[in-house]
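Given the structure of chain S, go ahead and fit chain L onto it with the hints provided.
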Amino acid sequence: MNTISLIFISIGILFNLLGCIGIIRLPDTYNRLQAATKCVTLGCCSILVGVCFHFGFSDATVKALVAIPILFFGSTTSAHALIRGTYLFGIKLGKKSVKDDYKEAVK
Amino acid sequence: MSDYLSILLYMQIGMASVCMYRIIKGPTIPDRMVGIDIFGILVVGICAIISIQTEKSFILDIGIAWIILSFIGTLTLAKYLTGKKLNE
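First to last, the protein sequences are chains S and L.
At position 55 of the first sequence the residue is numbered 1062 (the numbering used here), and the sequence of numbers has no breaks.
At position 13 of the second sequence the residue is numbered 17 (the numbering used here), and the sequence of numbers has no breaks.
By construction, these hints were calculated from the structure, which means they are not laboratory data.
Just so you know, these numbers come straight off a predicted model, no measurement behind them.
Yeah, the Cβ is synthetic: ideal placement off N, Cα and C, and Gly gets one too.
Watch out, some of these pointers could steer you wrong.
[Claimed, not checked] Covered by chain L, according to a simulated footprint, are these stretches of chain S (three or more residues, beta-carbon under 8 Å):
(1) 1018–1025
(2) 1029–1041
(3) 1065–1074
(4) 1099–1106
[What the hints assert, rightly or not] Distance condition first, Cα-Cα at most 27 Å in a straight line; then the derived DSSO-like pairs of lysine-lysine:
(5) S:K1103 with L:K29
(6) L:K29 with S:K1045
(7) S:K1110 with L:K88
(8) S:K1103 with L:K88
(9) L:K60 with S:K1099
(10) S:K1102 with L:K60
(11) S:K1114 with L:K29
(12) L:K83 with S:K1114
(13) S:K1103 with S:K1045
(14) L:K83 with S:K1099
(15) L:K88 with S:K1099
(16) S:K1110 with L:K83
[Unchecked claim] Calculated from the model, a selection of chain S residues having no Cβ within reach of chain L, i.e. all distances over 12 Å:
(17) A1088
(18) K1110
(19) E1111
(20) K1114
One chain only, chain S, in its complex shape (with noise of 0.2 Å):
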């Protein structure tokens, strides 16, 4: 079991450090929210799932299991919310991007 839970953390940590690289190196707010909300969602359900396999039938599994969901969904919605706002408040695309299509939606 201690085996199993350290394979799951490890590949979490792994989605985290791509996350993370993706937040200082990418050049434009849309391309980092976009890098960092995908693998740091990802890489923490799989941390929550090693929680699962290291306890086994206890309470902190019941736990880790109500938090999976909340997390999986909160996330996505608040990063979809948060990008929608960024576009209204008026930040340009980056130099390399080539196509809009949300600038005919919004009109």
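Frame of chain S; chain L shown alone:
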């Protein structure tokens, strides 16, 4: 086992400090909000690893409360960015 888990915990804390860098330095207001959002998710991972290390389950409660507060806070800030009042 415990040493390896400590290394993973320190890596997670380092990633949270990377988000602090983005919050402090970010050129515009939405960049800082992205940093706050991601920081709130990473804290849940820190709480989960600490709950394994100390074998106590109440630390996961802190994580759940932090997720919900971060969700509500980010929605409020996004509403502020669109330029509307909160009751519209």
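Are any of the numbered hints broken by this structure? If so, which, sorted upward? Failing hints, ascending: 4, 8, 9, 10, 11 and 17.
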